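There are 2 protein chains.
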Amino acid sequence: MEPVALSLARPREVRADAARNRAHLLDVAREMVAELGACNVTMDGLAERAGLGKGTVFRHFRTRAGIFHALFDEEEKRFQHRVMTGPPPLGPGAPAVERLVAYGRARLEFLVQHAALARASLDTAQPIPSESPSLFHVQMLLAEACPVDARSGILALQLVAALEGPILLYLQAPDDTPDPTRLVHTLGASWQVLAERVTAAGAAPPARR
Amino acid sequence: MEPVALSLARPREVRADAARNRAHLLDVAREMVAELGACNVTMDGLAERAGLGKGTVFRHFRTRAGIFHALFDEEEKRFQHRVMTGPPPLGPGAPAVERLVAYGRARLEFLVQHAALARASLDTAQPIPSESPSLFHVQMLLAEACPVDARSGILALQLVAALEGPILLYLQAPDDTPDPTRLVHTLGASWQVLAERVTAAGAAPPARR
DNA sequence: TACAGAAACGGGGTGCAGTCCGCTTAACCC
DNA sequence: GGGTTAAGCGGACTGCACCCCGTTTCTGTA
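Line by line, the protein sequences give chains V and Y. Its first residue numbered 999, the first sequence is counted upward by one per residue in this note's numbering. Its first residue numbered 999, the second sequence is counted upward by one per residue in this note's numbering.
If you are wondering where the hints come from, they were derived from the structure by calculation, not from laboratory data. One should not assume that every hint holds.
Because identical chains cannot be distinguished in the list, a pair is counted as satisfied if it fits within a single copy or across any two copies.
[Unchecked claim] Here are the computed lysine to any residue pairs in the SDA-like style, where the Cα-Cα straight-line distance is at most 25 Å:
(1) Lys1052 / Val1081
(2) Lys1052 / Thr1122
(3) Lys1075 / Thr1122
For clarity, every value in this text was computed on a predicted model and none was experimentally measured.
Start from the sequences, fold in the hints, and give me the full structure.
Structural data, given as structure tokens:
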């Protein structure tokens, strides 16, 4: 007689109303972000416009940043899908370094496009978890390109920071970015230099130039 | 008759009481951070403990993050002074790449040591300005090590992000860092690889090894 | 020393993030 | 269908960042 084990075995399905409310909240949130900008979306406002209680909003998303994180995550999933299934060099099939370069360029474009959400989803109280898909993907490519250096995972961390940091931390928050296209281009070119040089020296050893 | 121009020319000195209060607030804030941790310091608490009005605190520091920024800035100044005047390879006198490596290691140690302040001073609403001393210093060293690549300033931005991002964004916020010394060491070693490889290929051209 | 103007100060007021807890309801079992 | 239970829901409540503006204090000038 182990009712605990039994109940653990099938942990009761997600309630339909909860799922519905969550989806609805995301829809309304998306709408409000488009309309007011992320920084003008409040939890009260969202709850009211969704016709739900404030407690419900917090139950689903924990914190204010949680909402933007959830919204960003949807985009992130689409992006990662493109990366995993698209044609090379972004998708599988090209040499690791080429993929790394292509990934960086694509990621920059993606980030600039969703910069507001990406920033709003940062929670200064909690760090970005190491399960970040971006980190995971870079780690995978590095493991292929220069296994020895990639071993500890630190290099991947640093490269992802180099890739995403400028947009997340260091560049203008208000979208007064003079020319996003130009920005992506410049950052992309620099990323290519960075990625190629870092991996070149650590590659399968004696591939003389 | 140009009283405006005249008054602009000498914009009236800082009031003595203001300077005194500011210094006092910083002292009390430092004390409270040490005692309660940055995340438990409130503006009201600070004002009360300092025996000043809340308005005064905000007048001096603008935002909550502003206080921690000011505190961090003091440490930052000390650190930059060490960097500018210390013995090589951290200080002047060594080749640029060696200085870059040494700077990274020193910076990591510094950041880990003041991680709580550094994080608390991040203001998600406003980006880190490009006058960041760290960015400035890396840019200077890069300009010496590989002038062509450094030209745009983007590479410096990316390297600083690679250096500081892991601590600012990606690693555990609560000081459950298993072993800070070990962390600094690992990040430092990885930084060295990064810095040396990136600069090696772009160095003053044909310096054959 | 007296005065005028500007800067600094104080603390009540506002809006929002996040918590709490009693009530409701969907899901499972019979 | 009826009962049980855990999850979900709502909205009043709390605490804090930040604003506002009438009052006070300093400083440069006469």
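So which of the earlier hints does this model not fit?
-> Hint 1 alone not satisfied by this model.
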